[in-house]
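Student: Please take these sequences and the hints and turn them into a complete structure.
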Amino acid sequence: MIIKAYQAVLKKAREAEEYLREQENVIRNNYLKTGKVLNVNVFRFEKTLYVYIESCDIEITPEQIFPKLHTMLDMWPDGEEKYYYPLIDIFHFNEPQSIEHWSRKVKPEFCAGMISKIIPESTARYIFYHYQMQEETPGNGAKYGRIFLMGDTVFYYSEKPDVFEKAIHKGTLSTHNTPVGDEWQKIMGTHFIWWDKNKYPRRIDDDYDWEEGGYHENCRLNQWLYIKNILSVL
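Each residue of the sequence shown is one higher than the one before, counting from 98 in our numbering.
I should point out that these hints are in silico values taken from the structure, not numbers from a laboratory. There's no promise every hint is true.
[Stated by the list, open to error] Cβ-Cβ distance ranges computed for the label pairs, FRET-style:
{"hint": "1", "residue 1": "206", "residue 2": "132", "range": "21 to 29 Å"}
{"hint": "2", "residue 1": "178", "residue 2": "109", "range": "15 to 23 Å"}
{"hint": "3", "residue 1": "216", "residue 2": "183", "range": "17 to 25 Å"}
{"hint": "4", "residue 1": "295", "residue 2": "179", "range": "34 to 42 Å"}
{"hint": "5", "residue 1": "118", "residue 2": "280", "range": "37 to 45 Å"}
{"hint": "6", "residue 1": "287", "residue 2": "123", "range": "40 to 48 Å"}
{"hint": "7", "residue 1": "302", "residue 2": "106", "range": "31 to 39 Å"}
{"hint": "8", "residue 1": "308", "residue 2": "269", "range": "32 to 40 Å"}
{"hint": "9", "residue 1": "175", "residue 2": "214", "range": "19 to 27 Å"}
{"hint": "10", "residue 1": "280", "residue 2": "126", "range": "47 to 55 Å"}
Just so you know, even glycine gets a beta-carbon here, dropped at the ideal spot from N, CA and C.
Tutor: See the structure below:
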């Protein structure tokens with residue numbers, strides 16, 4: 098199993114969304130049913146795309162799945178001819194041990210994408226605390242929850258309802274220093290640049306009924322902002 102997330106910059110947003118939706122059946126028939134991927138999700142926030150892919154045996158890239166999408170994107174301004182920037186995987190509650198282990202027993206109601214902004218000077222501390230939790234208490238959270246980073250932006254992929262499952266693997270740390278409960282929340286709150294409360298009102302809390310309320314976008318959960326899900330194949 099190979100899990101990757103990428104960021105891209107939209108040049109033609111409307112055309113890109115239409116193209117991505119048209120690709121759903123192609124991805125389902127050529128990649129999902131043939132066992133090349135377990136999951137492909139694409140999210141959008143303003144001019145930014147977030148592409149999340151779970152490949153099975155060999156890495157499947159956005160260029161393979163979306164062969165025409167690059168014509169609707171801007172290249173990255175780093176001197177290289179590329180359209181997708183791989184994000185850094187900085188945290189996960191669980192880790193796939195096999196395709197069977199990672200396959201969903203029940204299809205999720207929603208695949209959710211959220212983003213947050215980190216105070217640049219707090220980035221190293223944010224990664225440190227998450228790595229510590231990841232390795233001290235593997236499996237201590239939603240099985241499919243995963244956090245990626247690029248610059249000052251954090252992207253979180255998750256599925257609703259959350260799946261809680263004890264990790265099969267062991268963490269690399271034998272220490273017990275991870276803050277718990279309210280202490281963790283207080284520490285985490287010091288890392289973020291908070292969203293404008295008027296532009297992005299808080300409408301979602303931890304007890305939100307996803308089945309009843311559906312998938313929201315541009316709504317806050319504290320420092321996290323739910324973003325638009327354009328494509329979901331799994």
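Student: For every hint, state whether the structure bears it out.
Tutor: Going through the hints against the structure:
1. Range check, residue 206 to residue 132: Cβ separation about 24 Å, and the 21 to 29 Å hint holds.
2. Between residue 178 and residue 109 the C-beta distance comes to about 18 Å, which sits within the given range of 15 to 23 Å.
3. Taking 17 to 25 Å as the suggested C-beta distance range, the pair residue 216 and residue 183 conforms, at roughly 23 Å.
4. Checked against the given bound of 34 to 42 Å, the beta carbons of residue 295 and residue 179, roughly 37 Å apart, stay inside it.
5. With their beta carbons about 43 Å apart, residue 118 and residue 280 fall inside the hinted range of 37 to 45 Å.
6. Between residue 287 and residue 123 the beta carbons are some 45 Å apart, a value that agrees with the proposed interval 40 to 48 Å.
7. For residue 302 paired with residue 106, a C-beta distance near 32 Å keeps the hint of 31 to 39 Å intact.
8. The hinted range of 32 to 40 Å is satisfied by residue 308 and residue 269, whose Cβ atoms lie roughly 37 Å apart.
9. For residue 175 and residue 214, the Cβ-Cβ distance of about 21 Å falls inside the hinted range of 19 to 27 Å, so the restraint holds.
10. Range check, residue 280 to residue 126: about 48 Å between beta-carbon atoms, so the 47 to 55 Å window is met.
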